[in-house]
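Protein chains in written order, with our numbering: chain A, 9 to 276; chain B, 86 to 380; chain C, 92 to 546.
These are computed hints drawn from the structure, not numbers from a lab. These figures come from a predicted structure and were not determined experimentally. Heads up, some of the hints might be wrong.
Below, in silico cross-link-like pairs of lysine-lysine (BS3-like), each with a Cα-Cα straight-line distance of 25 Å or less [unchecked claim]:
#, chain 1, residue 1, chain 2, residue 2
1, C, K297, A, K62
2, B, K282, B, K188
3, B, K193, A, K194
4, A, K11, B, K282
5, C, K168, A, K62
6, A, K107, B, K375
7, A, K11, B, K301
8, C, K278, C, K297
9, B, K99, B, K188
To spell it out: a stretch of chain C is covered by chain A in this simulated footprint if at least three of its residues, at any positions, have a beta carbon under 8 Å from a beta carbon of chain A; those stretches are [stated by the list, open to error]:
#, segment
10, 188-195
11, 386-393
The beta carbon of each residue, even a glycine, is placed where N, CA and C say it ideally should be.
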Amino acid sequence: MGKGKKFIMYLVLSIASIVSVFPLYYMFCASTNKSVDVIAGKLIPGTYLIENYKALIANQNLGLALWNSFRNATVLTVLCLLVCSIAGYGFEIYHDKGKDVVFTILLTAMMIPFAAIMIPMFRMFSTLKMVNTMTAFMLPSIATPFMIMMFRQASRSFPHDIIEAARIDGLSEAGIFFRMFMPTMKSTYAAATIITFMGAWNNYLWPKVILQNNSAITMPMLVANLLGGYTVDYGMLMLGVFICTIPTAIIFFAFQKSFTEGITGAVK
Amino acid sequence: MSDQKKKGLSLAKKHNLTGWAFLLPATLLICWMSFYPMIRAFILSLQTGMGVNLNFSGFSNYTRILKDPTFKQTLFNTFFYLIIQVPIMLVLALMFASMLNNKDLKFKGLFRTCIFLPCATSLVSYAMIFRSLFANDGFVNMVLRSFGLSPIMWFGNAWTARAVIIIALVWRWTGYNMVFYLSGLQNIEYSVYEAAKIDGASPMQTFFKITVPLLKPTILLTTITSTNGTLQLFDESLNLTNGGPGKSTMTMSHYIYNTSFVQSPNFGYAAAMSILILIMVAILAILQMKVGDER
Amino acid sequence: MKRKIVAVMLASTMVLGLAACGGGDAGTTDTTGGDDATATTEAGGDDADVKEGSSDDENTLTVWTWDPNFNIYAINKAAEIYAQDHPGFKVEVSEIQSDDIETRLTTAVSAGDLSTLPDIFLMQDNSFQKYATNYPDIFTDLTDSGIDFSQFSEAKVAYSTLDGKNYGIPFDNGAVIECLRTDMLEKAGYTIDDFTDITWSDFMEKAKVVKEKTGQPILTSQAGSPDLVMEMLQSCGQSLFNEDGSVNIKDNKALKPILEIYQQMVADGTLVEVTDWDQYIASINNGTVAGVINGCWIMASIVANDDQSGQWAVTDMPKLDDVDGATNYSNNGGSSWAITSNCKKVDLAVDFMNSTFAGSTEFYDDIITKGALSTWAPAGDSEAYAQPVEFFGGDAVYAKIVDFSTKTPSNITGAFYYDARDAVGVALSNIIQSGADMDSEIQTAQETVEFNMGG
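Build out the structure end to end from the sequences listed, making use of the hints.
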């Protein structure tokens, strides 16, 4: 590649990165400033971080919210990836007319606005006496048509001759999935982890309806609590928001590395 | 000979059954968690009344939609976002992803994380920042002034307010879609690119002749999900503009939410509008699959 | 190696949070003690610590409310005072945003399961009628509960009264005040008295002088928000609905003059529209406007900038010129407590409310430190309300506001109040921002609300 082209590439990516990171910088600055300075649009870091932190932990149970969000998101991500990748793999590798029809029907499930099914869903869990349980919180998000579709599309590039070879070697069908497919599809799993974790971390509407007691507070609920009063302490709010953003960013940074390991490397 | 055939058949049968077993947990969960409530929502859409006093009234909620100027406005807004924003966003995402898939590039992890960050950013801060950037005496107008241009009341005019929503959407979701492309690109063997290089293909040619066709399944996936996401767009409409000025930036989902939880609740009508969205998304998805999913 | 760094980073965010566990949260997450004997909940056995709905403990009431510095502080304080005579009494507060309380109520009642509701919840006055009309089953009727509603301001009680039945105990005050920067008025040759008990036409002329002398608009408003218009409407005893519940937008004799005042002030440059709430607060704190008109709770945001101490004064809002029944007083915001039908200790809940929110000056004297002003008349006579407030030039603003609130005309809200407010906001936005025709916008607003009511 020419030097000029490379320069343009770095330039484009740098501009995109700066534009993308700006709000994070804004959040960071805001979380170190007094409320009055934040709304005045001060864009340099201040010295008010400790005060904002003290105000935040006096006001909200930050530790509990972080722990709940982290636990919910982690458990949900593991379950979702397992269930959806098996299904996506199944739809593609063993595909026939019948399964294609099922797939198309399942796909429509992702197209209904959540606000429309929330009340029937709540009614369902309340008859089952499951309001306020983790199970009720998780069940609706474990199998999502979107994730199944993602794994199905990814399975398309999984070489069929590997499957045949594995079968000849006497590996069971489940064995092929767990021992051949899963390690090979690292980058897909990484992408799916990022997306699912983020979705679970930021989920707000359903948990706030189904988990009704204080000890179930999550980070988005905590942030919402900071916004609710007659007066908003913007410094404290932005610190809360900043803390809420960091874990997803770390998860992304950790998992994006697997995007550099191509499929060929993993199979060998 | 006949022995072998018999064995083959049973093997195919076994694989078929394994396939179904693989699908079963997810399928059951989706039926339970989505279709059952969806059927309930459909039944609800055939009822009218306020609060809990509902009566069956056939399709009157559906005919009511036709007479609702607010729904027409939100329908227009939503499709406007869809047509402008989705192509821009996907092209940008694909461009960034293929740049970041370059083996010789330094700081890849950093660039990727930066570009991904917007969608991890909490909605609260993102909405606040965009509102203050585009405020009357905000940063964007300051830049315009410094170039001798007259400032724009971004949120005061229907078209500029819609433009802000589109800019915000592109900003927020480009990195998200990039993730899928990045992961999709990993499934393309790098040697294909090297072969193309040896054959003297230009980067443009490589992009259109190799990257795009091989990424087709991923492009299809992102197109369907972005279409779906845009037609259900809610957060931006509520938090950035609150549908204003007037109702000129309000989306269908925002209107449905208002009908259920903000205004005096009319669940039957809200359900009917939801079913209509479902049908529209389904039609678009089927069209996209027909175009993009030829095996 | 890299994996380690990531792990350390993740761990440190967690630690940051867990360190926070120790401090904070004044006992609100405390689960009820000593109720092991009675089965607390029928919920599925996943979470042992989970507790839902109304409390089973004889002496504990569960509460849904929001804002730790205001409502939550108040209810905890009330419980503390009540516990002095009733040992062992406590409240278990869940912090939930007002919108979320509404969503939960709607969801629960639509799903036909009221067992998840708490004993007591707080509701915005603007939403109260919507719930009382659509879901009367949620509430315990308090009409004959022994609470003396005549001691609250009439306009306030009206928000939570439907068909002659009382469903709510009035709490905080939303009396409208006009806050002005005395330093800026001085530059224009005025004092706060020149803006007291005046009419809008007078106000608009003086505002022009202030604008000329200081360059600052006198008022700020959030674009598309109907707040100011609604305040002006209520100040002349007008509502968006008639007594019979029909829509009163098109034929409302005050609405058009009000929209014209608003439009004229924008044209004069004496009223500046900002894009959102954050900018609205910023315009007040940054001194880019010389004043603001809103519910008295806006004071808490004004005093946030302590550099401006002594530069603000509080007075009543202007009144409309040629409208019958026009006054200088109005209301915006405020909320009321409700006791749910799920509450199994109604007597305790009523007695608790009656001894505190509807019967304790000690209580109201305390919560005034948080800026929570009473609508309970006897509280206004207490010494705490007469104390001078330095930030507002040593004026006894609290007593003033309680006085305003007793003079405020009532507002007919009803189940479709939000729909109507919103329609007026849309009309205002179209008129001011897009230059739409006023008469046709008013007509459209009327039609929108009628359409929503026709569903």
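Here's how the hints hold up against the structure:
With a CA separation close to 45 Å, the supplied pair K297 (chain C) and K62 (chain A) exceeds the 25 Å bound. Note on K282 (chain B) and K188 (chain B): the hinted pairing holds, with a Cα-Cα distance of about 13 Å set against a maximum of 25 Å. A threshold of 25 Å between alpha carbons decides the hint, and for K193 (chain B) with K194 (chain A) the separation of about 18 Å falls inside it, so the pair holds. The hinted pair formed by K11 (chain A) and K282 (chain B) meets the criterion: a straight-line CA distance of about 16 Å does not exceed 25 Å.
Distance check on the hinted pair: K168 (chain C) and K62 (chain A) sit about 22 Å apart at the alpha-carbon level, within 25 Å; holds. A threshold of 25 Å between alpha carbons decides the hint, and for K107 (chain A) with K375 (chain B) the separation of about 17 Å falls inside it, so the pair holds. Distance restraint check for K11 (chain A) and K301 (chain B): the Cα-Cα separation of roughly 30 Å exceeds the 25 Å cut-off, and the hinted pair is therefore not satisfied. The suggested pairing of K278 (chain C) with K297 (chain C) holds, with an alpha-carbon distance near 12 Å, which does not exceed 25 Å.
Straight-line distance between C-alpha atoms of K99 (chain B) and K188 (chain B) comes to about 43 Å, which puts the hinted pair past the 25 Å bound. Restraint check on the segment 188-195 of chain C versus chain A: 5 residues with Cβ-Cβ distances below 8 Å, three needed, restraint holds. Restraint check on the segment 386-393 of chain C versus chain A: 4 residues with Cβ-Cβ distances below 8 Å, three needed, restraint holds.
Against the hints set out earlier in the document, violations occur for numbers 1, 7, 9.
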